[in-house]
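**Q** Go by the hints and put chain B with the ligands onto chain A.
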Amino acid sequence: MQITLTVNGETRDMDLDPRVTLLDALRDHLRLTGSKKGCDHGQCGACTVLMDGRRVNACLVLAAMAEGAEITTVEGLGRPGSLNPLQQEFVACDGFQCGYCTPGQIMSATGMLAEARDGWPSHVSESLAGPVALTDGEIAERMSGNLCRCAAYPGIRQAISNCAGTSAEAAKEAAE
Amino acid sequence: MTVNFRMDAPQPRLLDQTGQGVIHKPLDRPEGPLKVSGRATYAAETHLPGMAHGVLVTASIARGHVEAIDDSAAHELEGYLGCWNGERFLRNPAQGMAGAAPVQPGDRVDFRGQPIAVVVAETFETARDAARRLRILYSEEDAVTDPAEAEFETKEDADAARAVAEALETAAHRIDATYTTASHAAAAMEPHASIAEWNGDQLTLRSALQMLRFNALELADAMGLERGQVRILSPYVGGGFGSKLGLGPEAVAASMAARDLGRPVRVAMTRQQVFETVLRRSETVQRLRLAADSGGRLTALAHDNRQFQLLGEGFAEPVPQASRFLYAGAARSYRQDLGRMHRTPSGSVRAPGEAVGQLAMEAAMDELADAVGLDPVELRLRNIPDAHPGTGTRFSAHGLEACLIDGAARFGWDRRAGPRARQEGDWLIGMGMAGAARPNMLVPSEARVTLAGDRATVETDMTDIGTGSYAILSQIAAEMLGLPAENVTARLGDTDLPGASGSGGSFGAGSSGSSVFLAAKDLRGQIAALMGAAEDGLTLKDGLARAGNVEKRLADLIAEPIAATAKIEKGEMAKETHQSGYGAHFCEVAVHALTGEIRVRRFEGTFAAGRILNEKTARSQCIGGIVWGIGAALTEELVHDARTGQPVTRDLASYHVPAHADVPQIGVTFLQERDDAANPIQAKGVGELGISGAGAAVLNAVANATGVRLRDYPATPDRVIAALAAAGL
Ligand code: FES
Ligand code: FES
Numbered sequence: 001m002q003i004t005l006t007v008n009g010e011t012r013d014m015d016l017d018p019r020v021t022l023l024d025a026l027r028d029h030l031r032l033t034g035s036k037k038g039c040d041h042g043q044c045g046a047c048t049v050l051m052d053g054r055r056v057n058a059c060l061v062l063a064a065m066a067e068g069a070e071i072t073t074v075e076g077l078g079r080p081g082s083l084n085p086l087q088q089e090f091v092a093c094d095g096f097q098c099g100y101c102t103p104g105q106i107m108s109a110t111g112m113l114a115e116a117r118d119g120w121p122s123h124v125s126e127s128l129a130g131p132v133a134l135t136d137g138e139i140a141e142r143m144s145g146n147l148c149r150c151a152a153y154p155g156i157r158q159a160i161s162n163c164a165g166t167s168a169e170a171a172k173e174a175a176e
Numbered sequence: 177m178t179v180n181f182r183m184d185a186p187q188p189r190l191l192d193q194t195g196q197g198v199i200h201k202p203l204d205r206p207e208g209p210l211k212v213s214g215r216a217t218y219a220a221e222t223h224l225p226g227m228a229h230g231v232l233v234t235a236s237i238a239r240g241h242v243e244a245i246d247d248s249a250a251h252e253l254e255g256y257l258g259c260w261n262g263e264r265f266l267r268n269p270a271q272g273m274a275g276a277a278p279v280q281p282g283d284r285v286d287f288r289g290q291p292i293a294v295v296v297a298e299t300f301e302t303a304r305d306a307a308r309r310l311r312i313l314y315s316e317e318d319a320v321t322d323p324a325e326a327e328f329e330t331k332e333d334a335d336a337a338r339a340v341a342e343a344l345e346t347a348a349h350r351i352d353a354t355y356t357t358a359s360h361a362a363a364a365m366e367p368h369a370s371i372a373e374w375n376g377d378q379l380t381l382r383s384a385l386q387m388l389r390f391n392a393l394e395l396a397d398a399m400g401l402e403r404g405q406v407r408i409l410s411p412y413v414g415g416g417f418g419s420k421l422g423l424g425p426e427a428v429a430a431s432m433a434a435r436d437l438g439r440p441v442r443v444a445m446t447r448q449q450v451f452e453t454v455l456r457r458s459e460t461v462q463r464l465r466l467a468a469d470s471g472g473r474l475t476a477l478a479h480d481n482r483q484f485q486l487l488g489e490g491f492a493e494p495v496p497q498a499s500r501f502l503y504a505g506a507a508r509s510y511r512q513d514l515g516r517m518h519r520t521p522s523g524s525v526r527a528p529g530e531a532v533g534q535l536a537m538e539a540a541m542d543e544l545a546d547a548v549g550l551d552p553v554e555l556r557l558r559n560i561p562d563a564h565p566g567t568g569t570r571f572s573a574h575g576l577e578a579c580l581i582d583g584a585a586r587f588g589w590d591r592r593a594g595p596r597a598r599q600e601g602d603w604l605i606g607m608g609m610a611g612a613a614r615p616n617m618l619v620p621s622e623a624r625v626t627l628a629g630d631r632a633t634v635e636t637d638m639t640d641i642g643t644g645s646y647a648i649l650s651q652i653a654a655e656m657l658g659l660p661a662e663n664v665t666a667r668l669g670d671t672d673l674p675g676a677s678g679s680g681g682s683f684g685a686g687s688s689g690s691s692v693f694l695a696a697k698d699l700r701g702q703i704a705a706l707m708g709a710a711e712d713g714l715t716l717k718d719g720l721a722r723a724g725n726v727e728k729r730l731a732d733l734i735a736e737p738i739a740a741t742a743k744i745e746k747g748e749m750a751k752e753t754h755q756s757g758y759g760a761h762f763c764e765v766a767v768h769a770l771t772g773e774i775r776v777r778r779f780e781g782t783f784a785a786g787r788i789l790n791e792k793t794a795r796s797q798c799i800g801g802i803v804w805g806i807g808a809a810l811t812e813e814l815v816h817d818a819r820t821g822q823p824v825t826r827d828l829a830s831y832h833v834p835a836h837a838d839v840p841q842i843g844v845t846f847l848q849e850r851d852d853a854a855n856p857i858q859a860k861g862v863g864e865l866g867i868s869g870a871g872a873a874v875l876n877a878v879a880n881a882t883g884v885r886l887r888d889y890p891a892t893p894d895r896v897i898a899a900l901a902a903a904g905l
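Line by line, the protein sequences give chains A and B. Using the numbering used here, the first residue of the first sequence is number 1, and each one after it goes up by one. Using the numbering used here, the first residue of the second sequence is number 177, and each one after it goes up by one.
These are computed hints drawn from the structure, not numbers from a lab. Take the hints with a grain of salt, since some may be wrong.
[What the hints assert, rightly or not] One side only, chain A facing chain B, incomplete, derived with CB under 10 angstroms:
| no. | residue |
| --- | --- |
| 1 | His41 |
| 2 | Gly42 |
| 3 | Glu75 |
| 4 | Asn84 |
| 5 | Phe96 |
| 6 | Glu141 |
| 7 | Arg142 |
[Claimed, not checked] A few chain A positions that, by computed beta-carbon distances, are all more than 10 angstroms from chain B:
| no. | residue |
| --- | --- |
| 8 | Asp24 |
| 9 | Asp40 |
| 10 | Ala64 |
| 11 | Glu67 |
| 12 | Ala69 |
| 13 | Ala92 |
| 14 | Ala114 |
| 15 | Ile156 |
Please read all numbers here as calculations on a predicted model, not as lab measurements. Just so you know, even glycine gets a beta-carbon here, dropped at the ideal spot from N, CA and C.
Just chain B, with the same shape it has in the complex:
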């Protein structure tokens, strides 16, 4: 029997009453020893007998049709097995939570880098050679590849825009500034890869994916199979950040070839293909208009954006997502202009919305603080709304004020000098800060927990993409069942197991964690019954069950394994409250006055995100987010050739993700918080909170250091030098 639970009302804080004391603890990841010894097996790393090797071939035109593929030169190679394309081939990975195949364009080409065929051979080396020998005949059509030529679809609430315009006219202080952010790539370290294996009409796919419950539906749909005919295994995933939310073209390519060949086929994307083919974050142009009264209180806010997408894709970056609720202001407007272009389509990349939206919004807040003559922290404190400023919905646990105060104290914000006031040799030193917010969500998730003696197993198709799922799911079950964490084993990443939320949108821990909590809670009831006691009179600790004056070892009490399955979904609380994690970032930079080089010297982040399930893994999540913020602010730029649509910075030498030397030691602090409206474990997501506003803290520090405001990101040395020169410095 499955426990079905809807989050309709606040739940008791059971995890604060259980006594095992493993929840919250900074425990090591249970899979850590496998990962540090090279024994964790990622998607491309299973060796199956008779496995053949595939290499994807991508389009070298931006728009048109593949008229013919001539592989006669490949046939000269010993071990060449063939070339596949056609109706089932995917144009691009599915968008997150699609649950159905993405566009299958047949012979049509919609962007440069679109996978159009897979070449398979006995060895990888032969397949790679064969792929280069293909002669592809295209019929080419005119394509819009230059943003300046794109046609835009506009979404705007005219009444709201008018109200903002009116408020701006009468405001004591106003800001009207336009910022640009570059296109970003997730660039997970593990390139997308799949191994397809058929057993009769059953397909097993080993792949690098984040959301298996949805991916199984996508695979079945793409291949024309029933859901029951496919199984996906992703026990270890080498990073995702949104790029592995949806089934990728290499999975279908491998599945097609494997079926025809009657043997397993592996297809791994090259790094360049990952940059060309996998959904990216769109470049944006953002116009921020803020109006404030003489005391710096916001009266109006407009956060407009221009961004780009390929025709046929529904996703748009929710650029103003956090701007909608983070600060007060009666009049609010958010215009979106979505341009259609023949470039690699856009999709979810870590913190879609906040990652770029807060880069601009928090910079604009800094500009407003200057205009009003207020400390940037004080400006934010004055603008914390009492309820959602757009809808009036009440907030659940809201930690922004506490984060701002804690972070400022920890960082030593009171030592911040005025603009361009600190210099060490050729280095200009400055401090900056920003607020952070990322909405919390609950997504249907199911798990099974089995207790055999004093050992428990958690089973769900949840993935661990580095997020810490193995650790936290084990800890939740251990805490609830009164077991040391090492007595719990989590089995994840297999669609034969109960279907989880998957890893995305920062909802994985809260959603899948709650399903494990509920299943374990059901087991507590079963244990109480075995003890002949009421559930609320039961204490479970260190493998012992206690009720009244009876004490039994679980090892003795549980003669036969007992199991429970539970499923959670969102309910009334999602309507009655607006839920979000909050944070505050503080940063010190040094800017070289002559070379324009920017060094991040210090960084402190304070976060309030409900219950922190494992302080170690949550901390790493926040550090990761902050470093992504540093990358977006300073180095990351996916450049396309406007004439051809060709991605230019399509490898890790030209797309600059932050390296060791770009990242100082980073301070992360979590505030004590429980969010009773979020879920029964009172936890909110942290995977994307750290990125929200982090880059703005860096750029605000640059403005403080130099006295010059940069509005085009990343702030690479050339842009810094140009901005300093323009200011006559």
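Just chain A, same shape as in the assembly:
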């Protein structure tokens, strides 16, 4: 079937088997292998991408369900030589070892920071309303759908925390 997606700002037309997942459409058909397949069952988070700005497990979305959607993958954030701030912090904080869960962690963190900015509470939030303070515990809770068997968790959260500060400031400045 004919499917049109906007991926990292580019319109892509594809002729796909209806069984193709968004993850396989990205990896095998568009050759964007940055999004990883760790389980193909929504259990690891390695395939996390943004769909219309919100994080989803691309292995749980059929490409056909994403018709017309705007998809952002890790390739869309930055490339070597022009990494975005979060990617740079992941490198600086050693927020990875093997690197296989990493694109998912970075995309999930990107989506999570937006959720926090929008005031979405989590299971461990002090209150259901009002601004979210991204403590280590908050970040850990909100990132627990992204497994890392290398267990780079402390570095991952340090990297996110370093960016949470800057993105919160940027949001504040923008508001002012």
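**A** Showing chain B with the ligands alone in chain A's frame:
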């Protein structure tokens, strides 16, 4: 010409004399930008023209034969290309460093989940559908799948066992406790995958593997080829932890289909297949008996284990490996009962031996500390042996005492209260600690370093499975050649390059690092000759060569590229000394008195592992190990159905690897150490040291928090509640 080096004598500490200052430094991983931008290409991610897609089919019986495979329903699918099985098919991945094909059982089935065929189609979706359409006719045989019915092969030194029994009888204090540990899966985040591509009779395999020098031999043997006909590429590997030491069934499946079809074939295991098919860590039952005098000094130690393996596999988990030398005690005995069962075979999973052995041993030490009435740190300090207690071999650099003292101070161990003495609401708070040790090894490894002007290239078939090989090998060459680290490029993971130790057993950094060091050292000699100076009068720094009052830019001096190849192997030092990394873990937990939930609140580890080549990547290795310890202690349990041998927790939703919320920020400290007996770079492995004892520190903290000792791991809430109830709490 290749420099051949045997580690027969301590070597000068050259890396402390060179002046570039990049060694030890917490430099970023050079491949980091590729990994964080999704541009590092893993095994399944190369797109080859005409590539077909394969899906493995696994056995649904525990024992018997495949009588027939009917794929007529698959033929109805457009794009179905066929089904392969037969003589060359692998039963399971090769054991680490096998260098030859693992069991190729033909139509025989030995365990549930054994790969029995591969189905190939034009697309992954069609192959997956076709695999489900196969009708497989088995002849089934009775199989032992229940540990209670297994037959055991026993290894025991009767004299040693008698000596321990005698010492126990007369001891002032004794512990006799039995612990159980669950079966564990490596569960690397990248599922095992291979792409096979033939060019005439030359086979190129892109695969997720840890030890390419051995894997090339395994592939050649499995396919009936000469070693020269195969090439393996594994530039980036999404985690290994032992699970990718040996060539896997999907590699041979892809190679068979690709040869017949005359086109490349990709086969990636599903996550469930990874759990069913890849070598696991056996469940263990461990009996610890400790005898001590009135001052808490060990007089005897018996560390016995029961574990399981499939027939035809030689590997056994070396459960008491660290217990053999970590603490003193004259009488020592280690009995092993190996049971044979028709379940997924066992093999090396991160820190085979220590990962479960120290979980039990360090818990028993805690119980002994209670019995003697000594602080657990003090008990360990009193039992540090002067030489290997079993063999009398002298130790090389030995940092256990320093780690215990440093870790205790850093953690605030003096604030530890008595059992069940601290409570915050419904949460019981406790502190625990454990010692750590992991033997160091040197494995033959070869590398080539080429210097062109002021840029160098390191080439070896070493892998980087997240361990930091790209970083440390570049740093070693940069330090030796007086270059900024970014002027050195490491090319790894290609069997066309000189053969390395591979990544396993924590020996990768020391072994492959030494080969790079030796090749670069040879280049220093060549540079000195170009300068007309003696090598010991040469200084290399920031791309400048200096000797006496002559100074030249390497960019000018090295008009034509110069290269050196070096190979290291172990020598006399491995016999004359016992080498190990050491460490100490300290942990604080909160245990919910009603729900049994355990939260790790704080964790500090101090380690002494010789020279630390890159503080950033070494630290991540230790954190990774510690988190594996937390997983083994609290959540990880590969459960099999005893009736059928079917792995039950065969996905990441039911096999619980620690997630973000399970892991606090973790403190890691390295002590300054050089191990002159280990290798010419004075470094020891850190990849498995962090796991050794880490889980015991958690469980000892649980005992301190609750006043109750759990001996069946993982300590899941149900077990905690049952233990508290049994104690009347
Ligand atoms: S691959 Fe999608 S969640 Fe694991
Ligand atoms: S970096 Fe290896 S799984 Fe996260």
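**Q** Determine for every hint whether it applies to the structure shown.
**A** Verification of the hints:
1. Because the closest C-beta pair between A:His41 and chain B is about 6 angstroms apart, less than 10 angstroms, the hint holds.
2. For A:Gly42, the interface hint holds, since its Cβ comes within 10 angstroms of a Cβ in chain B; the closest pair sits about 8 angstroms apart.
3. Look at A:Glu75: its Cβ gets to within about 5 angstroms of chain B, closer than 10 angstroms, so that hint holds up.
4. The interface hint given for A:Asn84 is met, as the beta carbon of that residue sits about 9 angstroms from the closest beta carbon of chain B, less than 10 angstroms.
5. This hint holds: A:Phe96 has a C-beta 6 angstroms from the nearest C-beta of chain B, less than the 10 angstroms allowed.
6. Because the beta carbon of A:Glu141 sits about 5 angstroms from the nearest beta carbon in chain B, less than 10 angstroms, this interface hint is met.
7. Interface restraint check: A:Arg142 against chain B, minimum CB-CB distance 8 angstroms, threshold 10 angstroms, status holds.
8. The beta carbon of A:Asp24 sits about 6 angstroms from the closest Cβ of chain B, which is not more than 10 angstroms, so the claim that it is off the interface is violated.
9. Taking the minimum C-beta to C-beta distance to chain B, about 6 angstroms, the non-interface status of A:Asp40 is violated against the 10 angstroms cut.
10. The beta carbon of A:Ala64 is kept farther than 10 angstroms from every beta carbon of chain B, the shortest such distance being approximately 12 angstroms.
11. Against chain B, the non-interface label of A:Glu67 holds: every CB pair exceeds 10 angstroms, the least being about 18 angstroms.
12. Listed as a non-interface residue, A:Ala69 keeps its Cβ farther than 10 angstroms from every Cβ of chain B; the least gap is roughly 19 angstroms.
13. Interface exclusion of A:Ala92 from chain B breaks down, the closest Cβ pair being 6 angstroms apart, not more than 10 angstroms.
14. Taking the minimum C-beta to C-beta distance to chain B, about 18 angstroms, the non-interface status of A:Ala114 holds against the 10 angstroms cut.
15. A beta-carbon of chain B is positioned within 10 angstroms of the beta-carbon of A:Ile156; the least distance is around 7 angstroms.
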